[in-house]
Amino acid sequence: MQFSKKQRYWLDFLFVMTQKEIKARYKHAALGFLWIAINPLSQMAVMGFVFQFFVPVHVDNYFLFLFAGLLPWNFFAQSLTKTTPAFFYERNLIKKAKFPRETIVLSIILSNLFHFLVALGLLVAALIADKLFFEHYSFLELVFYVGRMLWLVPAILLLLSFTVGLSLLTASLNVRFRDVNFIVQLAVMLWFYATPVVYALNLLPEWLWPIFYLNPMTFIIELFHHGLMGLPVTLLEFARVGLLVIFYIIYLGWRVFIKESKNFDDWL
Amino acid sequence: MTILKEEIIRRNKNHGEVVIDLKNVGKKYIVHHEKQTLAEDVGRKLRFQKEEEYWALQNLNLQIRKGEKVGFHGPNGAGKTTLLKIIAGISAPTEGLVKTKGRIISLIDLEAGFHPDLTGQENIFLNGFVIGMSKEEIEAKFAQIVDFAGIGDFITAPLYTYSSGMKLRLGFSVAIHASPEILLLDEVINLGDEEFRKKTKISMDRMMNSGLTIIIVSQWTDLLRSLCDSIFFIELERQVYF
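Protein chains in written order, with my numbering: chain A, 506 to 773; chain B, -18 to 223.
Just so you know, the hints here were simulated from the structure itself, not pulled from any lab data. Because the structure is a prediction, the values reported are computed rather than measured. Even glycine gets a Cβ: it sits at the ideal position worked out from N, Cα and C. Treat the hints loosely; a few may be bogus.
[What the hints assert, rightly or not] A few chain B residues that face chain A, going by a derived Cβ cut-off under 7 Å, partial list only:
1) Ala69
2) Gly70
3) Ile89
4) Ile112
[Stated by the list, open to error] Far from chain A by the CB rule (all over 12 Å, computed), these chain B residues:
5) Lys4
6) Ile11
7) Gly48
8) Pro56
9) Asp98
10) Phe135
11) Ser184
12) Ser191
13) Glu216
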């Protein structure tokens, strides 16, 4: 692929900004990159311990179920809460220089994506090792097992684009209305319980299911559960509702960003 | 209406094409006496209250040619910084057209784009990108930038260990190596210790005598007269609607 000079600059710039995000995060942490694994593992241990007693989820391996949902959810929640005030935090930069503003939001998301992919990769490797050495899968079984994991690719792409769209929207709006940041913090907290991460959808009465698909994260998390554990997507025909919401949010986020970013300087 | 009165100091005949062209440019700000919240905004819209407006620039026409050294002078609030921001592309005009040609570097805040936890070397890349240099350019000029900044071994240390003078040195060094075609200065920079001031003076003099287009905003008319080919005096004369 050939890039124009402008595209090259944009990509290089995004790369350097992302690198800054990743490097700066672990600069003074003695355990450094180990935190990528320690964080979600301890979260899973605590939550698994607590929720096992309260939520009668009928899945074989609740801890794995929890981990498979928590990884993408954490990526989403951490990205959204960190990007929403990002333009405001980087006001010094925005007020002094002309550069592609979207890189501020994208670099945060990409650095989170990097952490997410590392953790996911470790999980996938552990799962495959388990099937290979402890459950003694035959070659064919293993091919099917790994083949199903290919569902993770669309799942990651959907998760990433939804996060980018929503982050651009909230970050752009937050420049003018600082309430947005508080709304997002609150919403993410509630949103977590409106998404089947600690429970499975089939635990709820059936008439509620379609409503849950208005939340795009339901379909995305279920895709992760399917790819990693083989659990079915509860209502496949409603998945397109989730897809529509995702595409609309991306469109809206981009439009609002384009319109607002011209005047960021006035409001910061 | 923003009125510009031009004072020509020396006529330089060799000026080429127009590199900055402003046509009927206006910039409107919304005045808030307190930071706006969503509830207030919705409340005001429901009561059909109009937002308080303030035109920092209005009906401004300006052409600057390649190689010109232009000064702007005016009282506080006359819109000098707004003008620089619009030329630099940091802020978009509310009305009118802005056309510029060539890379614009503004020496407004030299430390913008620095991250305290990254080393001097990493910050050169970050800051270089922020002001619009490409990766190849930064790599090609890296040694020169480090050399000009002259901060020794600190270049591999994180920025929070730097003194404020060292940060300025590094910022200035990156900016002047960005090979700008249009240079924007908000007040003339006077930074660092004696030795570095000499260095900056030499490089500023060199830029002043080169084909670079330079725009300086300052309160000091004497200084502007000594440096510029022409000075625009911005006069405040506009109606403010409340």
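Give me the numbers of the hints this structure contradicts, sorted from smallest to largest. Numbers 6 and 9 - these are the hints that the structure violates, sorted from lowest upward.
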